[in-house]
Amino acid sequence: MQSLLSIRDLKVHFPVHGGLFLKQLGTIRAVDGVSLDIAPGETLGLVGESGCGKSTLGKAIVRLLEPNQGSVQFDGRDITKASRRSLQPVRRDLQMVFQDPVESLNARHSVREIIEEPLIIHRTGNAAERRKRVDHLLDRVGLPKGAADKYPFEFSGGQRQRIGIARAIALDPKLVVCDEPVSALDVSVRSQVLNLLLELQRDLGLSYLFISHDLAVVKHVSDRVAVMYLGKLVEVAPAAKIYRDPRHAYTKALLSSIPEPDPSVQRPRVKLEGDVPSPFNPPAGSAFGHRIKHPRYDETVGKELPLTEIEPGHWVAADPCCLSEEDWRKVSAAS
Amino acid sequence: MTTADPLLKVHDLITAFDTDAGLIRAVDRVSFEVPHGKTVGIVGESGCGKSVTAMSVLRLLPQPMGKVLQGRVEFKGRDLLKASDAEMRKVRGNEIGVIFQEPMTALNPVHRIGRQLSECFLLHKKMSRKQAWEASIEMLRKVRIPAPELRMGDYPHQLSGGMRQRVVIAMALACGPDLVIADEPTTALDVTVQAQILDLMKQLQAEMGMSIVLITHDLGVIAETCDEVVVMYAGRVVERAPVKQLFTKPMHAYTRGLLASIPTSATPPKSVLPTIPGMVAGLADLVPGCRFCQRMGRGGGILRERPEFEEVAPDHWVETCPNCFEDLS
Chain A
-17 MQSLLSIRDL
-7 KVHFPVHGGL
3 FLKQLGTIRA
13 VDGVSLDIAP
23 GETLGLVGES
33 GCGKSTLGKA
43 IVRLLEPNQG
53 SVQFDGRDIT
63 KASRRSLQPV
73 RRDLQMVFQD
83 PVESLNARHS
93 VREIIEEPLI
103 IHRTGNAAER
113 RKRVDHLLDR
123 VGLPKGAADK
133 YPFEFSGGQR
143 QRIGIARAIA
153 LDPKLVVCDE
163 PVSALDVSVR
173 SQVLNLLLEL
183 QRDLGLSYLF
193 ISHDLAVVKH
203 VSDRVAVMYL
213 GKLVEVAPAA
223 KIYRDPRHAY
233 TKALLSSIPE
243 PDPSVQRPRV
253 KLEGDVPSPF
263 NPPAGSAFGH
273 RIKHPRYDET
283 VGKELPLTEI
293 EPGHWVAADP
303 CCLSEEDWRK
313 VSAAS
Chain B
879 MTTADPLLKV
889 HDLITAFDTD
899 AGLIRAVDRV
909 SFEVPHGKTV
919 GIVGESGCGK
929 SVTAMSVLRL
939 LPQPMGKVLQ
949 GRVEFKGRDL
959 LKASDAEMRK
969 VRGNEIGVIF
979 QEPMTALNPV
989 HRIGRQLSEC
999 FLLHKKMSRK
1009 QAWEASIEML
1019 RKVRIPAPEL
1029 RMGDYPHQLS
1039 GGMRQRVVIA
1049 MALACGPDLV
1059 IADEPTTALD
1069 VTVQAQILDL
1079 MKQLQAEMGM
1089 SIVLITHDLG
1099 VIAETCDEVV
1109 VMYAGRVVER
1119 APVKQLFTKP
1129 MHAYTRGLLA
1139 SIPTSATPPK
1149 SVLPTIPGMV
1159 AGLADLVPGC
1169 RFCQRMGRGG
1179 GILRERPEFE
1189 EVAPDHWVET
1199 CPNCFEDLS
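From first to last, the protein sequence lines are chains A and B. So in the numbering used here, spot 163 of the first sequence is number 145, and the numbers just go up one at a time. So in the numbering used here, spot 171 of the second sequence is number 1049, and the numbers just go up one at a time.
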C-alpha cells in the first residue's frame, strides 16, 4: 500500500553549549536515524521512555523542529526542505494534538477563536460558514454548543483536550500526530478521549502517529507499534504481534514492567537494572546492550544495527545483545 | 477488625480548606485502617482528597487554610491530631516516613546527598556526625544505589530520576519508621524504573516490616503492590476491601467504572472502552448525598441523604447507595 507518511533515516541533533564562552560542547542525538511508514487510516503507536526522542520525532515530522538529516515524505511529497510558505498547504493535512491541554490552548482566546484560527489562516469559507463549521466541530468532539463563547479555563482537562482535538481536525487533516494526548488526564476521562479519537478515525479516515509512554493505551489504539530506545527504533511490528511475541530484549523488559490491573496475575518480570543512558554521550555500540552489560556488546561497537524484517511485517534491530540466538541467526542471514 | 490493633486508624476525618467560596470540605468523614506490615493503597482521581487525607495524618496541611474539623488519627494507640507540634516533629521522619511524588522537589538542590541523609540520623537518633555518615552510606546500600560512598558527595541534579527517588526512599526509611506514606511515588518515573522502585519497596518492606500507605491513581500499581485498597471519590471513601476482593467483586458503581475503563491485556484492540459519563463536580458544588449519583445525573432524595458506609462482607466496606451499590457477596 502507498504510504501516507514515509520517513527515511531521520536525524535530529541538538547542539549543547556551555562553559565560559558558550562554546559547543557536543550534540544530543535525540533522533538518530529513524525510518518508518504510516499508511492511510492507520495508527502507528510510538512508545519509549522519557528522553528516548519520541516527542522530538513527532515534532520533526510536523516540522516544528528542523531535522538535520534524512527525509520526510508526506502524501507523495518531500517536505524535509520545504520552505515555510510552501509548507502551508501541507499543514492542512498534517496536524498535531499536544500533551498538555492547558499549555497548548491560548488562555486569552475564546474556544471559538481557538478552533476558528486554522480556518482563517487557511482562508476557509466566509465568517458565516466558519461559524457553522466551529459549531459542527464542537458537536463532533462532544462539547455543548455554549462552549464556543467560553474560555479554556472554564473547562476540565478532558474537555480542554477535546478543544485541542477539534482544532486539530478543523481542516480535515489526513494525519494527526498525537503527542501523549491522554497522559495528563484522569483514568475515567482518559477512556472518553480515547473513544473519541477512535471514533474520529473511523468516521474521517484519519491516520495517527500516537506517541505515548503508556503501553496499555498504545496497545488499545494502535495497528502497528514502534519501540524507540535512545533515538533509534529497536522493534516495529503489528500491535497484536509485538505484545504477544516481542523479540527485542528492550521490548520484552518494557512490556513486562507494565503493572497489570489484576492482582491474580503474577507475571515474571524481566529485571532491568540501571537507567536509560544519556543521549548526550551515548554508548558507542548497542545502547541497550550497554545497559544490560551484555557480553557481546563489544561486537556492536561502531556498527549500524539496522532494522531487519524477521517475519513478515515484524522488524527488529539487528543487535546480537538483544536477540535470542535463533533470531540473531535469522537476522544475520537476512542482511 | 481482626486480631491485633491496627498501626494506624483514621476515623471519621473531616478536613476543610478556607477559601473565598467559604469552608470547603476536601475530605468528608473518611475512615480506614492500616494493619501492621501491610500495604494499603488509596486510589482515586485528582481532587478526590487522597493526598489531603495523607497530609492530614501527617499534620502537614497548608496553613492557615487547611483545617481538620473532626475525627481521630490513631497511630500506635495515640491521637496524632491532639499531639503538640514538637511531638509531631518527633513522629515525622522518625516513626512515619514520607515519600513524595517528585523526587527533585523533595530533595534540597543545594545540599549534597550525604548531608541531607545524615540529617535524619542527627535529628532523631542522637548519633555523632561520623556515625550518621556511616549509617547514611548503609542506607544508600540498602536501596541498592551502586557505589554509595561516591554518591554521598553528589548533588540531587547529578542523579537520574530513579536514583533520586531511591535517595528519597532512603531518607524516608532511615530511622526505621513503622509507617511510610508514599504519595504517588512512581508517577514521575518511567515504567521500567517504576517497576524497579515498586520491587524495591516490596523488598524493603519484607526486610524492615513497616506498613505502607500508597497513594496512586494507577490501578495497575495497586494490583501489584497492595494488600488492601481504599477507593475515594469526591472526598469520601466509597469502597474499601482486600485487593483481590476489590478487583474480583467491586460492589460500588464507581469502582466498577474505574476498573472497566482501563484497557487490559484482554480488551479487544480499538474497541469502544466503557466510560464513566460526565465528570466530578467542583468541590463547592458537591451534594450532601451520593456524589456518584450526582455525576450520573440522577436526582431525588439520594442527593440529600448520605448513604451508609457498611461492612457488607468480611473487611469489605461499601457506601450502600441504592443506585450505586450492588451486593456481590
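Keep in mind that the hints are not guaranteed to be accurate.
To be verified - Within a straight-line C-alpha distance of at most 27 Å, the following computed BS3-like cross-link-like pairs (lysine-lysine) qualify:
#, chain 1, residue 1, chain 2, residue 2
1, A, 132, A, 114
2, B, 1020, B, 916
3, A, 253, B, 916
4, B, 1004, B, 945
5, A, 275, B, 1008
6, B, 1148, A, 156
7, B, 1020, A, 253
8, B, 1008, B, 954
9, A, 234, B, 1148
10, A, 285, A, -7
11, A, 253, B, 1122
12, A, -7, A, 156
13, B, 960, B, 945
14, B, 1148, A, 223
15, A, 223, A, 234
16, B, 1020, B, 1003
17, A, 285, A, 234
18, B, 1008, B, 887
19, B, 1127, B, 887
20, A, 156, A, 63
21, B, 1080, B, 954
22, A, 234, B, 1080
23, B, 1080, A, 253
24, A, 223, A, 127
25, B, 1080, B, 1148
26, A, 275, B, 1020
27, B, 1003, B, 968
28, B, 1148, B, 887
29, B, 954, B, 916
30, B, 954, B, 968
Said to hold, decoys possible - For each label pair, taking beta carbons as the anchor points, the in silico distance ranges come out as:
#, chain 1, residue 1, chain 2, residue 2, range
31, B, 980, A, 22, 49 to 57 Å
32, B, 897, A, 17, 51 to 59 Å
33, B, 963, A, 136, 37 to 45 Å
34, A, 263, B, 1166, 56 to 64 Å
Stated by the list, open to error - Chain B is nowhere near these chain A residues, computed Cβ spacing over 12 Å in every case:
#, residue
35, 8
36, 70
37, 151
38, 168
39, 237
40, 242
Hints are computed from structural coordinates only; laboratory data are not their basis. Note that this is a predicted model, so its numbers are computed, not measured. Ideal placement from N, C-alpha and C gives every residue a C-beta, glycine not left out.
Hints, verified against the model:
For a cut-off of 27 Å, the pair hint linking residue 132 of chain A to residue 114 of chain A stands: about 17 Å separates their Cα positions. Of the supplied pair hints, the one linking residue 1020 of chain B and residue 916 of chain B holds, its CA atoms being roughly 20 Å apart against a limit of 27 Å. A distance of roughly 24 Å separates the Cα atoms of residue 253 of chain A and residue 916 of chain B; the hinted pair therefore holds under the 27 Å criterion. For the proposed pair residue 1004 of chain B and residue 945 of chain B, the alpha carbon gap of about 33 Å is over 27 Å, so the pair is violated.
For the hint linking residue 275 of chain A to residue 1008 of chain B, the alpha-carbon distance of about 35 Å lies beyond 27 Å, and the restraint is violated. Note on residue 1148 of chain B and residue 156 of chain A: the hinted pairing holds, with a Cα-Cα distance of about 19 Å set against a maximum of 27 Å. The straight-line distance between the Cα atoms of residue 1020 of chain B and residue 253 of chain A is roughly 18 Å, inside the 27 Å bound, and the hint therefore holds. Restraint check for residue 1008 of chain B and residue 954 of chain B: not satisfied, since their Cα atoms lie roughly 32 Å apart, outside the 27 Å limit.
The straight-line distance between the Cα atoms of residue 234 of chain A and residue 1148 of chain B is roughly 23 Å, inside the 27 Å bound, and the hint therefore holds. As the CA atoms of residue 285 of chain A and residue -7 of chain A are separated by approximately 17 Å, the hinted pair is consistent with the 27 Å bound. At most 27 Å may separate the alpha-carbon atoms for a hinted pair to count; residue 253 of chain A and residue 1122 of chain B meet this at roughly 25 Å. With a C-alpha separation of about 24 Å, the suggested pairing of residue -7 of chain A with residue 156 of chain A holds against the 27 Å cut-off.
Among the hinted pairs, residue 960 of chain B with residue 945 of chain B is consistent with the structure: their alpha-carbon atoms are about 13 Å apart, no more than 27 Å. Of the pairs offered as hints, the one joining residue 1148 of chain B and residue 223 of chain A holds, with about 15 Å between alpha carbons and a cut-off of 27 Å not exceeded. The straight-line distance between the Cα atoms of residue 223 of chain A and residue 234 of chain A is roughly 12 Å, inside the 27 Å bound, and the hint therefore holds. At roughly 18 Å between alpha-carbon atoms, residue 1020 of chain B and residue 1003 of chain B fall within 27 Å of each other, so this suggested pair holds.
Simply put, residue 285 of chain A and residue 234 of chain A have alpha-carbon atoms about 23 Å apart, close enough for the 27 Å limit, and the pair holds. Restraint check: the Cα-Cα separation between residue 1008 of chain B and residue 887 of chain B comes to about 38 Å, which exceeds 27 Å; the hinted pair is violated. Proposed proximity of residue 1127 of chain B and residue 887 of chain B is supported: the alpha carbons are some 25 Å apart, at most 27 Å. Of the pairs offered as hints, the one joining residue 156 of chain A and residue 63 of chain A holds, with about 20 Å between alpha carbons and a cut-off of 27 Å not exceeded.
A threshold of 27 Å between alpha carbons decides the hint, and for residue 1080 of chain B with residue 954 of chain B the separation of about 22 Å falls inside it, so the pair holds. With a CA separation close to 22 Å, the supplied pair residue 234 of chain A and residue 1080 of chain B stays within the 27 Å bound. Between residue 1080 of chain B and residue 253 of chain A, the direct Cα distance comes to roughly 15 Å. Compliance with the 27 Å bound is thereby established for this hinted pair. Under the criterion of a C-alpha separation no larger than 27 Å, the hint pairing residue 223 of chain A with residue 127 of chain A is inconsistent with the structure, at around 42 Å.
This hinted pair does not check out: residue 1080 of chain B and residue 1148 of chain B have alpha carbons roughly 35 Å apart, beyond 27 Å. Between residue 275 of chain A and residue 1020 of chain B the CA atoms are separated by roughly 22 Å; this keeps the pair inside 27 Å, and the hint holds. Annotation: proposed proximity of residue 1003 of chain B to residue 968 of chain B holds, straight-line Cα distance about 10 Å (limit 27 Å). Taken as a hint, the residue 1148 of chain B and residue 887 of chain B pair is broken in the structure, with Cα atoms around 44 Å apart against an allowance of 27 Å.
Taking the CA atoms of residue 954 of chain B and residue 916 of chain B, the gap is about 15 Å. The hint holds against a cut of 27 Å. A hinted pair counts as satisfied when its Cα atoms are at most 27 Å apart, and residue 954 of chain B with residue 968 of chain B qualifies at roughly 14 Å. Our hint of 49 to 57 Å for residue 980 of chain B and residue 22 of chain A is violated, since their Cβ atoms are close to 41 Å apart. Between residue 897 of chain B and residue 17 of chain A the Cβ separation comes to about 54 Å, which falls inside the hinted range of 51 to 59 Å.
Distance hint check for residue 963 of chain B and residue 136 of chain A: the Cβ-Cβ separation is about 40 Å, which falls inside the suggested range of 37 to 45 Å. Between residue 263 of chain A and residue 1166 of chain B the C-beta distance comes to about 59 Å, which sits within the given range of 56 to 64 Å. Every CB of chain B lies more than 12 Å from the CB of residue 8 of chain A, the least distance being 18 Å, so the non-interface label holds. Chain B leaves residue 70 of chain A outside its interface by the beta-carbon criterion, the shortest separation being 33 Å against a cut-off of 12 Å.
Under the 12 Å C-beta cut-off, the non-interface status given to residue 151 of chain A relative to chain B holds; the minimum distance is some 18 Å. Taking the minimum C-beta to C-beta distance to chain B, about 4 Å, the non-interface status of residue 168 of chain A is violated against the 12 Å cut. Residue 237 of chain A, annotated as away from the interface, has a beta carbon of chain B within 12 Å; the closest lies near 9 Å. Annotated as non-interface, residue 242 of chain A brings its C-beta within 12 Å of a C-beta of chain B; the closest such distance is 6 Å.
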